[in-house]
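Enquirer: In case you want the letters, here they are:
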Amino acid sequence: MILIPALLCILAASPQDIHLSNDQQIAVLTEAQTAYDNAVLLQTSDPVASKDLFRRAANRYQLLVDDGIENGKLWYNLGNAQLQVGEIGEAIAAYRSSQRYMPSDGRLQANLEYARTLVTNPITTKVTSSILKRLAFWHESLPTQVRLGVGIIFWFACWSLVSVRLFRRVPGFKTISISLGCIALSLGVSVGIDFSDQYQNHGVLTAKEVIVRKGNGVSYAPMLKDSLHEGIEFDIIQKRSDWLHIKLPNGSTGWIQEDDAQIVTLNKRHAGLFIYPAG
Amino acid sequence: MKYLFTLLFTFSLFSSVSFAQEVFVDMPQNQGYIGIPLKLVVVYKDVKTDREPTIPEIDGFTISRKPGTETSSQTTFINGKVTSTSTIKFTYYLTPQRVGSLDIPAITFIADGKAFQTVPKTIEIVETPTSGALKVQVKGTNSNVYLGQPIDMTLQIFVEQFTDKNLGVTLDARDMFSLFSNNSSFGLFTQALQDGRAQVQTIQGTSIEGVPTTFYVYTVQATTWPETTGTLHFDPISIIANYPISLSRQRSTGFFGGSSLTVDQAELISAQAEMPTIEVLTPPENDRPEWHSGAVGNFDFRVVAEPTNVNVGEPITLTMRVTDLSSGPVNLDYLSAPALDRVTALTSKFKVPDKPLGGTIQGRTKTFTETIRPRSGGITEIPPLPLSSFDPVTETYTTVWTNPIPITVETVATVSANDLVGGQVQSTTMEPQQITEVDGGILANYTGIELLQSQTTEVTPALVATITFPPLVFSALGCFILVRRRAQSETSILKSSKKAAIQTILSLSNAKSKEQVQQIAKSLRTLEKDETVSVEIKSLLQRCDAAQFGGFNDSTLAHDAKTLVEHMP
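Taken in order, these protein sequences are the chains called A and B. The numbers in the numbering used here rise by one with no breaks, and the one at position 247 of the first sequence is 247. Just remember that the numbering used here sits 1000 ahead of the position in the second sequence, which is counted from 1.
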């Protein structure tokens, strides 16, 4: 008898997913941009009020992101607002998300680099400049959508040529068709890697100081002599309960608490606005 | 079972902590009457919002908004941990227009970057009962008051005394009061009634039928403070009672026996109070000090500054205590903080925020805290600060001044923009020709509506169809060509076999031996498919059979076959 109302209470407390209407999205975006502009105006005369406005702008951009809008420029603006507030880790995570959609954007690269310079005791990356990586420079410099579009064009061209060859002789058929096919296939593989990679988890430390441990619990000894600082990026090897098994840019691995980091991933479950039921 | 319940309870407790922000609707009624407004309160708990909630049109109800909002805040200290709670309430009245089950749908409120949704509710609406032996009236002490001045209101409920002539029993005032329905609305008198501040007296009057009778008069007094100027809006007051028609006596079955009275038959009666019209005025503009922030009454004003030794730009916290010196009930919720930003003597030397301040109330004192920052070095005192209030009795303004507070302000280097995270870097290069781009800082935001367009690339059915379309077309074309080629090859085989058969027949001059007849028959069978000469070929084949199996020597068979082949198209 007692269990039923208790269960109902818990069910009523479960959040549901709904989305903002177009008008609401425009209103939130306008509010965010206005807050950001006003914050820039007050940055020297009233830093406290300016920071509050940057915080408001960041909250509004975050609301749009949480609503499921995946847009490179939106992530970029969110990163800017977070960086102005002083949240270096969150800002780097936002810029990393923005990179997914506009990897070669100059502003984004500049701000991401600047944010990385603010990280205390950064970890240097093991630079691997293999020939394969050099040849596939376009994989990281072209957005997924562009590579997909160009790949489809080459795919159509390749098959059109092969189809024409059924009816008549085409000079240089083999060379052209193999070239077209290879380009289409390369672009396809590149897009496929992106598809799989966007659900792979990367992350950025957001806590001021993080102790990397040898196991998934506070009872495990620290893995590193010094604690790590906000803004350091890593790859996630495994997730266990509230702990993440991470791989740092220098190749070291260890465990951190999930609350100390922000995961950079395109996770559909996070799309949508939380609706809290009320009485 | 107990363990599971503990788990669930712990979970629900935990979730309430993690979801501290709340927006909910307070509307306890499940039943209503046509024309009698139902109160609906939208409560924003720990949610900052500048926007008023929007209630959509609800079928079967007319909706009106009570002007103003109720705000409250609470700060608790537990084991050194400070917890603050703020609440904003918006009040609406839903007046039912028809009888039946009326649905109030789920309403979504957007506030503080989140969306909150209410649970739908159904309310049973019935016909409004007649007034009968019930009458209600509300009186106010004044018809005009100033904003911030208290208003004393009196509610009087007249109920005809009930006497059951058969039993010879008359219900007393307490019993009659207990017959009031829970669906009654007592408006601003609710708290006073809950506190038991109702007084009862008995008066003589006449009933609706004109018969002299006794009435119980319940009198309740309450004090309210107007929140906005203009005509004062009160919560509607409607009283509903189950007025008895007859009583019955029930004997108790307990050890001591005895009996108790119960209402045997009752009718539903109701009455609504006509609220008095009270105009809320703003204090006059004549002689109003520029720093007057709306205070009405008589107050004491004291200020403490901390610290008193600071550098330029560093904060000095002013703690301002305003004490109400009037007698009677007091409500300092609506008392605004002194408008320091309008005191020129202060703003010329200090940076004073112009944001409205909240305050904490303790007894008759409200305390405000404000932070000011000295603009330059060498300032030796905080000038006297004023608090002006309007006295509604004398209708004049009075100002209380604090004493100047001595302070010391040291000069320091100006705060540079580069000290701030992401601050704009200003170039100080003297020669314009040597323009050097400065590293660091962040670049400007993107703007425009395209920020709302999602750029995700997903494996959709359309994408799969687009990719599989070219190979499918190629396969279709390949199959078509293959079938056509195969068809072409069958015709050519037929042609060559026909040609060989004709040559065989032409090469034979006679058909004397069985082998020659067999060759002719085989060639003819190849040519049999030609429909133009099929009859002649059949005749020749019969002759071949006769020569082959019947021993008949056909001397003209070879010649006739040759002739037929020569005339074939």
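Quick caveat, the hints were computed from the structure, so don't treat them as lab data. Keep in mind it's a predicted model, so treat the numbers as computed, not measured. It is possible that some hints are incorrect.
Cut-off 20 Å, straight-line C-alpha distance, at most; resulting in silico cross-link-like pairs (SDA-like, lysine to any residue) [what the hints assert, rightly or not]:
hint, chain 1, residue 1, chain 2, residue 2
1, A, 208, A, 185
2, B, 1114, A, 52
3, B, 1351, A, 44
4, B, 1351, A, 52
5, B, 1114, A, 55
6, B, 1139, B, 1247
7, B, 1355, A, 208
8, B, 1351, A, 48
9, B, 1165, B, 1225
Covered stretches of chain B (chain A as the covering partner; in silico rule of three or more C-beta atoms under 8 Å from a C-beta of chain A) [as the list claims (entries may be wrong)]:
hint, region
10, 1162 to 1169
11, 1554 to 1563
Glycine is no exception: its CB is placed at the ideal position from the N, C-alpha and C atoms.
Enquirer: Between residue 208/A and residue 185/A, is the straight-line Cα distance small enough, at 20 Å or below?
Expert: This hinted pair is violated, its Cα atoms lying about 44 Å apart.
Enquirer: According to a criterion of three or more residues whose C-beta lies within less than 8 Å of a C-beta of chain A, is the region 1554 to 1563 of chain B covered?
Expert: Three-residue rule not met by the region 1554 to 1563 of chain B, so violated; n is 0.
Enquirer: For the pair supplied as a hint, residue 1355/B and residue 208/A, confirm whether the alpha-carbon distance does not exceed 20 Å.
Expert: 32 Å, violated
Enquirer: Mind checking the alpha carbons of residue 1351/B and residue 52/A for me, to see if they're no more than 20 Å apart?
Expert: 18 Å, holds
Enquirer: If you draw a straight line from the CA of residue 1351/B to the CA of residue 48/A, is it 20 Å or shorter?
Expert: Distance of about 13 Å is within 20 Å: holds.
Enquirer: Next pair to validate is residue 1114/B with residue 52/A; report whether the Cα-Cα distance is within 20 Å.
Expert: 18 Å, holds
Enquirer: Under the criterion that the straight-line Cα-Cα distance not exceed 20 Å, is the pair residue 1114/B, residue 55/A satisfied?
Expert: 15 Å, holds
Enquirer: Is it true that the CA of residue 1165/B sits at most 20 Å from the CA of residue 1225/B?
Expert: 47 Å, violated
Enquirer: Does residue 44/A sit within 20 Å of residue 1351/B, going by the straight-line distance between their CA atoms?
Expert: 14 Å, holds
Enquirer: Are at least 3 residues of the region 1162 to 1169 of chain B within less than 8 Å of chain A when you compare beta carbons?
Expert: violated (count 0)
Enquirer: Take the C-alpha atoms of residue 1139/B and residue 1247/B, compute the straight-line distance between them, and say whether it is at most 20 Å.
Expert: Outside the cut-off at roughly 34 Å; violated.
Of the hints listed earlier, those the structure fails to meet are numbers 1, 6, 7, 9, 10, 11, in rising order.
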